[in-house]
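*Asks:* Now for the letters of each chain:
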Amino acid sequence: MTTVVPTPLRDIAKVVRSKNAGPFEITLDIIFKSKEDYEAVKKSGVITKELVSELYNVPTQAIITFGFFDLVNAVKITLPRPRPQGGVGETDMHAAQQHVPLQEIRIPWPAK
Amino acid sequence: MPAPSNDEIRILTPSGMLGYGFPLDHFRLGLAQKPHAITIDSGSTDSGPQKLGLGEMTCSREAYLKDLEVLLEAQNEARIPLLISSAGGDGSNLHVDAFRDMIADLAHQRGWRFKLARIYADIDKNHIRRELKAGRVEPLGPVPPLDPAEVESATVVVAQMGAEPFLKALDESEGVDVIVSGRAYDPSPTAAMAIRAGFDPALAWHMGKIMECGALCAEPVGRCVIGYLRRDHFEIEPLNPAERCTTASVAAHTLYEKTHPFLLAGPGGTLDLSNCKYEQVTDRRVRVSGSRFDPGRRYTVKLEGAKTAGWRSIFIAGARDPIFIGQIDSILDKVIAGARAYFSEVPEETYRIIPHIYGKNGIMGDLEPVKVPAHELCIIVEVAAATQALATAICGKLRTSLMHAPYPGRIATAGNLASPFTPLEIPLGQACEFNVYHLMTVDSPTALFPIKYEELA
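Keeping their order, the protein sequence lines are chains F and P. The working numbering numbers the first residue of the first sequence as 1 and each following residue consecutively. The working numbering numbers the first residue of the second sequence as 1 and each following residue consecutively.
Just chain F, with the same shape it has in the complex (with noise of 0.2 Å):
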């Protein structure tokens, strides 16, 4: 019988991505190797709304978009920005390093 182990997402995703979609929205990506992780991942419930809402410190009836996105097995998940894009006090003008809360989650997976 597989051995399953908290397995941080880094390590299962292709790709687990931020950036600006427009300067007052912050976009997450994360996209899988196959069908098969997309699905298992899916299926584990750890992505949810509740836990995005406290990565980000967000409202959830604030999250504009949640889901899993079959068609590409992808998770699409878009946000407010904390601020609008390039003003003074910016941290990340492209959002481009926002990814890592998320890519840190653990996931129970099939230890190697």
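Some hints here could point you the wrong way.
In silico lysine-lysine, DSS-like type, Cα no more than 30 Å apart, as pairs [stated by the list, open to error]:
1. LYS19/F - LYS302/P
2. LYS452/P - LYS302/P
3. LYS49/F - LYS33/F
4. LYS49/F - LYS34/P
5. LYS371/P - LYS19/F
6. LYS49/F - LYS35/F
7. LYS66/P - LYS125/P
8. LYS168/P - LYS302/P
9. LYS371/P - LYS66/P
10. LYS452/P - LYS19/F
11. LYS112/F - LYS33/F
12. LYS277/P - LYS14/F
13. LYS112/F - LYS49/F
14. LYS35/F - LYS19/F
15. LYS33/F - LYS19/F
16. LYS19/F - LYS66/P
17. LYS33/F - LYS14/F
18. LYS168/P - LYS34/P
19. LYS42/F - LYS302/P
20. LYS452/P - LYS168/P
21. LYS452/P - LYS125/P
22. LYS42/F - LYS112/F
23. LYS14/F - LYS49/F
24. LYS112/F - LYS35/F
25. LYS371/P - LYS49/F
26. LYS35/F - LYS277/P
27. LYS115/P - LYS49/F
28. LYS125/P - LYS33/F
29. LYS19/F - LYS43/F
30. LYS371/P - LYS14/F
31. LYS277/P - LYS43/F
Hints listed in this document are in silico derivations from the structure and should not be mistaken for laboratory results.
Add chain P to chain F, keeping to what the hints say.
*Replies:* Below, chain P alone, put in the same frame as chain F:
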């Protein structure tokens, strides 16, 4: 000049961004396919509001000239339309004219003749105010409703044009060679060429949507891409033989920088990709079908504007002492409170002090999950104030206070900071903010986008 047949139109896009450069050998491979048009986008809001706010261009004039010369030479030889959208990055009238001047210079130097069309996208502020009053301007996404005062304070407001102004320029001109447009929805030039040749607008928009990023849809990602649009599908292929489009790479590309993976709103309607079919035709080429386009009940265009928001100065300093690093938050709080007291004659709400502490939470701020700071910190303190002189003065006060701030357990009494650069306080110039990002209903998709024609030689 090859005319699109009833069965196929071929579009060549050398790069996702004019001015970033592209490999000439791959571009030539594309020209060998006898494309019916070359399209290339130049626009993006992604590098910040300062382009619209201060009239800056995304790339240098030298970088634009380099790409333009290659493209104009190809246009001149193949006699196919060259469509350039969102001139300079923001697509303001200022930058449409700057592109026109660069093209005129190149034509003059190289002895080329071009029939040029310029399409402008700056929107008259009075028009926006009238439409706002009439309830025809709404926020786009998580943006506050438009305040007329924000329209006033915006340096310039542009609107993203759809395919129609390009169609108009192509129809009216009897053989335009080059179109330079102001702000446009990125797929518009490619979509316009295909729609004009009578192909399905849904496929035209979808192909344009993929091609506007160059070969970003390939694995590995690249620059030059060619699209073959036919009656009931299109095919897409990167021109670098080392890259390939796969069903996965093309399907997943529509996720990139988009709010939703399948519903892509643009001028005049929404592209719906939820029933698309992706087929691997060759090792490197993918066929796409099943795209749908739902025309909206009203035709809307996206308005973009930015304003200046004071002047900024920063200082950059390192910290290595663990006794100091362990107390960085409380030390900074005291230093900031001290600077505010020192500048008591300046109203508090007229300036901002924002510490960025790399090695602690400089990138993620309050969202940073790691709570233990690194062994060394890079401290950048940002000050925004009404004038450059004041921003630099406040910044200097903060830096010197932090340098010499006492703290419990301090044994390094000579100074707290390691400063790498002079000037110790760095003036950054004017700060900008996006302040218009709204949808405006229009009666005509072309009326707001005037076109000028001329012969260049």
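*Asks:* Would you mind marking each hint as holding or not holding in the structure?
*Replies:* Cross-check of the supplied hints:
1. LYS19/F - LYS302/P: Roughly 20 Å between the alpha carbons, so the hint for LYS19/F and LYS302/P holds.
2. LYS452/P - LYS302/P: 22 Å, holds
3. LYS49/F - LYS33/F: At roughly 23 Å apart (the allowed maximum being 30 Å), LYS33/F and LYS49/F satisfy the hint.
4. LYS49/F - LYS34/P: Given pair LYS49/F, LYS34/P is violated - Cα atoms ~49 Å apart, limit 30 Å.
5. LYS371/P - LYS19/F: Distance of about 24 Å is within 30 Å: holds.
6. LYS49/F - LYS35/F: Judged against 30 Å, a Cα distance of about 22 Å means the pair holds.
7. LYS66/P - LYS125/P: It is violated: about 35 Å lies between the C-alpha atoms, which goes past 30 Å.
8. LYS168/P - LYS302/P: 20 Å, holds
9. LYS371/P - LYS66/P: 47 Å, violated
10. LYS452/P - LYS19/F: 36 Å, violated
11. LYS112/F - LYS33/F: Answer holds: LYS112/F to LYS33/F is near 16 Å, not above 30 Å.
12. LYS277/P - LYS14/F: 22 Å, holds
13. LYS112/F - LYS49/F: Cα-Cα ~29 Å, so holds.
14. LYS35/F - LYS19/F: 24 Å, holds
15. LYS33/F - LYS19/F: 20 Å, holds
16. LYS19/F - LYS66/P: 29 Å, holds
17. LYS33/F - LYS14/F: The given pair, whose Cα atoms are some 5 Å apart, holds under the 30 Å limit.
18. LYS168/P - LYS34/P: This hinted pair holds, its Cα atoms lying about 24 Å apart.
19. LYS42/F - LYS302/P: Not satisfied, since the Cα-Cα distance of roughly 35 Å exceeds 30 Å.
20. LYS452/P - LYS168/P: 11 Å, holds
21. LYS452/P - LYS125/P: The given pair, whose Cα atoms are some 21 Å apart, holds under the 30 Å limit.
22. LYS42/F - LYS112/F: 20 Å, holds
23. LYS14/F - LYS49/F: Holds - the C-alpha atoms of LYS49/F and LYS14/F are around 21 Å apart, at most 30 Å.
24. LYS112/F - LYS35/F: Distance of about 19 Å is within 30 Å: holds.
25. LYS371/P - LYS49/F: Distance ~24 Å between LYS371/P and LYS49/F Cα, so the pair holds.
26. LYS35/F - LYS277/P: 16 Å, holds
27. LYS115/P - LYS49/F: 54 Å, violated
28. LYS125/P - LYS33/F: It is violated: about 49 Å lies between the C-alpha atoms, which goes past 30 Å.
29. LYS19/F - LYS43/F: Between LYS19/F and LYS43/F the Cα gap is close to 26 Å, so the pair holds against 30 Å.
30. LYS371/P - LYS14/F: Distance of about 27 Å is within 30 Å: holds.
31. LYS277/P - LYS43/F: 25 Å, holds
In summary, the numbered hints that this structure violates are 4, 7, 9, 10, 19, 27 and 28.
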